Amino acid sequence: MKRLLPALAVAALVAVPAAGAQRQAPPTMHPGALTIALNPPAVGFQVGTLRGNDVTNPSGFEVDLGKDIAAKLGIPAAKISWINVPFETLFRPGAKPFDFAFEEATITAARQKVVDFSTSYFDANQGVLLSKSATAPHSLADLAKMSLCAQSATTGLDYVQHKLHAKQVHIYTTTAAAFSALQVGRCDAFVMDVPIVASQKNTKPSAYGAVAGQIVTNEQYGAVLSKGSKLTPLVNQAIQALTKDGTIAKLQQKWFHIDVKAIPVLK
Amino acid sequence: MHRVLHAFVDPFYFRQSLPDIWSGFVLNVHMMVIAEALVLVLALLIAVVRGLPGRGARPLRGLAIVYTDFFRGTPLTIVAFVCILGLPGTGIGFLKNVSSTALGIVALTIVYTAYVTEVYRAGIESVHGSQRMAARSLGLSYGQALRYVVLPQAIRRVIPPLLNDFIGLQKDTAIIGAIGVTEAAAQGTNFANDYFNYTGYFVAAVFFVYLTIPLARFTDHIIRQRELRERAAGT
Numbered sequence: 001m002k003r004l005l006p007a008l009a010v011a012a013l014v015a016v017p018a019a020g021a022q023r024q025a026p027p028t029m030h031p032g033a034l035t036i037a038l039n040p041p042a043v044g045f046q047v048g049t050l051r052g053n054d055v056t057n058p059s060g061f062e063v064d065l066g067k068d069i070a071a072k073l074g075i076p077a078a079k080i081s082w083i084n085v086p087f088e089t090l091f092r093p094g095a096k097p098f099d100f101a102f103e104e105a106t107i108t109a110a111r112q113k114v115v116d117f118s119t120s121y122f123d124a125n126q127g128v129l130l131s132k133s134a135t136a137p138h139s140l141a142d143l144a145k146m147s148l149c150a151q152s153a154t155t156g157l158d159y160v161q162h163k164l165h166a167k168q169v170h171i172y173t174t175t176a177a178a179f180s181a182l183q184v185g186r187c188d189a190f191v192m193d194v195p196i197v198a199s200q201k202n203t204k205p206s207a208y209g210a211v212a213g214q215i216v217t218n219e220q221y222g223a224v225l226s227k228g229s230k231l232t233p234l235v236n237q238a239i240q241a242l243t244k245d246g247t248i249a250k251l252q253q254k255w256f257h258i259d260v261k262a263i264p265v266l267k
Numbered sequence: 001m002h003r004v005l006h007a008f009v010d011p012f013y014f015r016q017s018l019p020d021i022w023s024g025f026v027l028n029v030h031m032m033v034i035a036e037a038l039v040l041v042l043a044l045l046i047a048v049v050r051g052l053p054g055r056g057a058r059p060l061r062g063l064a065i066v067y068t069d070f071f072r073g074t075p076l077t078i079v080a081f082v083c084i085l086g087l088p089g090t091g092i093g094f095l096k097n098v099s100s101t102a103l104g105i106v107a108l109t110i111v112y113t114a115y116v117t118e119v120y121r122a123g124i125e126s127v128h129g130s131q132r133m134a135a136r137s138l139g140l141s142y143g144q145a146l147r148y149v150v151l152p153q154a155i156r157r158v159i160p161p162l163l164n165d166f167i168g169l170q171k172d173t174a175i176i177g178a179i180g181v182t183e184a185a186a187q188g189t190n191f192a193n194d195y196f197n198y199t200g201y202f203v204a205a206v207f208f209v210y211l212t213i214p215l216a217r218f219t220d221h222i223i224r225q226r227e228l229r230e231r232a233a234g235t
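Heads up: the protein sequence lines correspond to chains A and B, in order.
Those letters in the first sequence? Residues 1 to 267, by our numbering.
Those letters in the second sequence? Residues 1 to 235, by our numbering.
Honestly, the hints are just simulated from the structure, not real lab data.
Watch out, some of these pointers could steer you wrong.
Quick list of simulated restraints, FRET-style, between CB atoms [said to hold, decoys possible]:
{"#": "1", "chain 1": "B", "residue 1": "22", "chain 2": "A", "residue 2": "147", "range": "20 to 30 angstroms"}
{"#": "2", "chain 1": "B", "residue 1": "75", "chain 2": "A", "residue 2": "56", "range": "18 to 28 angstroms"}
{"#": "3", "chain 1": "A", "residue 1": "264", "chain 2": "B", "residue 2": "18", "range": "37 to 47 angstroms"}
{"#": "4", "chain 1": "B", "residue 1": "18", "chain 2": "A", "residue 2": "92", "range": "15 to 25 angstroms"}
{"#": "5", "chain 1": "A", "residue 1": "147", "chain 2": "B", "residue 2": "19", "range": "14 to 24 angstroms"}
{"#": "6", "chain 1": "B", "residue 1": "94", "chain 2": "A", "residue 2": "97", "range": "40 to 50 angstroms"}
{"#": "7", "chain 1": "A", "residue 1": "56", "chain 2": "B", "residue 2": "69", "range": "29 to 39 angstroms"}
{"#": "8", "chain 1": "A", "residue 1": "120", "chain 2": "B", "residue 2": "22", "range": "36 to 46 angstroms"}
{"#": "9", "chain 1": "B", "residue 1": "75", "chain 2": "A", "residue 2": "97", "range": "18 to 28 angstroms"}
{"#": "10", "chain 1": "B", "residue 1": "22", "chain 2": "A", "residue 2": "86", "range": "24 to 34 angstroms"}
{"#": "11", "chain 1": "A", "residue 1": "240", "chain 2": "B", "residue 2": "19", "range": "44 to 54 angstroms"}
{"#": "12", "chain 1": "B", "residue 1": "226", "chain 2": "A", "residue 2": "94", "range": "41 to 51 angstroms"}
Values in this document were obtained by computation on a predicted structure and should not be read as measured data.
Note that beta-carbon positions come from the ideal geometry of N, C-alpha and C, so glycine has one too.
Chain A on its own, in the form it takes in the complex (with noise of 0.2 angstroms):
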């Protein structure tokens, strides 16, 4: 006995620094498990079934981005719950529902007020889409004459309404009301980032006129989370070493077939 005592305090100094070591659950909301906001549909990025709040079968690449996240983090696919949380609360002060939102969520200032966000994992400029019953505009001045559908707290509205003046401005809650809107001919056209309309326009080509231009606006895409949240650089990490290792560039390439080059610049 006397003897097993210094072995014990021995095996003690040795096992505090190797559990140290070990690599401690990420601060999540729900220790070894990843609670992901989406708000489907937006083709290509994600779309889903919504179940009460959770959304099941989500695929999509912001889908495939926050699998690869959860990896990096340590915790196994299965392990996720999505939910749906609406794009218009995303922005709203206080604690949130989730860990982290994928929702094509540009980074702005005065976001980044009331949210954390990580690094960019997608970059993206404003798109038009038209009704099939518009006729395309040739400049900006163009654009702001028709009557326009726009998403409630969007960059896409915030362009249309401050620096486009628009005459005539739809507001819409989600997007799925605003693409009904456009199809059954509401407005001449929807102001949104380009790849979620450029896509739409792919999976329904007969229900909308045509991606019309683009307007630079170069913005890109961060998760959000809660302000000051301890994943925020456990994020920004992943996402670094998924950007380095290529990983980012090829789920591009396998959920967008668009050439986004090749849309005209709306000046």
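With chain A held as given, fit chain B onto it using these hints.
For chain B alone, coordinates are given in the frame of chain A:
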């Protein structure tokens, strides 16, 4: 406390949002006035149809019942989405050019007509049957008895609940704001999304309340007047 006040009733944002919210509120009043006028007429028509006597009128009565049952039970949000995005989607030519505001008025009218029909019906049924019989025995036709004896009494009795529904309608115009009509509440949302401040909602609420309170007082006044008159008649 200070932070709560700042988020919801900041004087700076109050002034900032006032013009936008006002421009939206004009739209609320516009929708409400037109819808209410239509509702008052259509609901009376349906209530009268529901009270038609005889076997021949049975299908008409049935239609009136189906209509009120269905639209009294359907959330306005659903009816509004169907009217504003669904109707133009049917591809019928002229519907494409009808504005979202007008289609919103249609949705409000459809739903509130169902409510108000029931209010009118309650009023008509509250008039004692002997009144109608007395009128008929004096040689008035069914229509004349209804027009000169039953309805004047019935409508006078239901004015307070009618005004109550009027207030409900006025508030529900805000629901149309979710579907591309930028009325006061939608302007408030827009403002909140631009500035991350909720004073815009407060401003919108103030406008609504300013319109509602005089209406409520007016209702009280009418009830009191009627009470006085009926008491006088009793002596």
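| What are the numbers of the hints the structure violates, in ascending order? | The structure breaks none of the hints.
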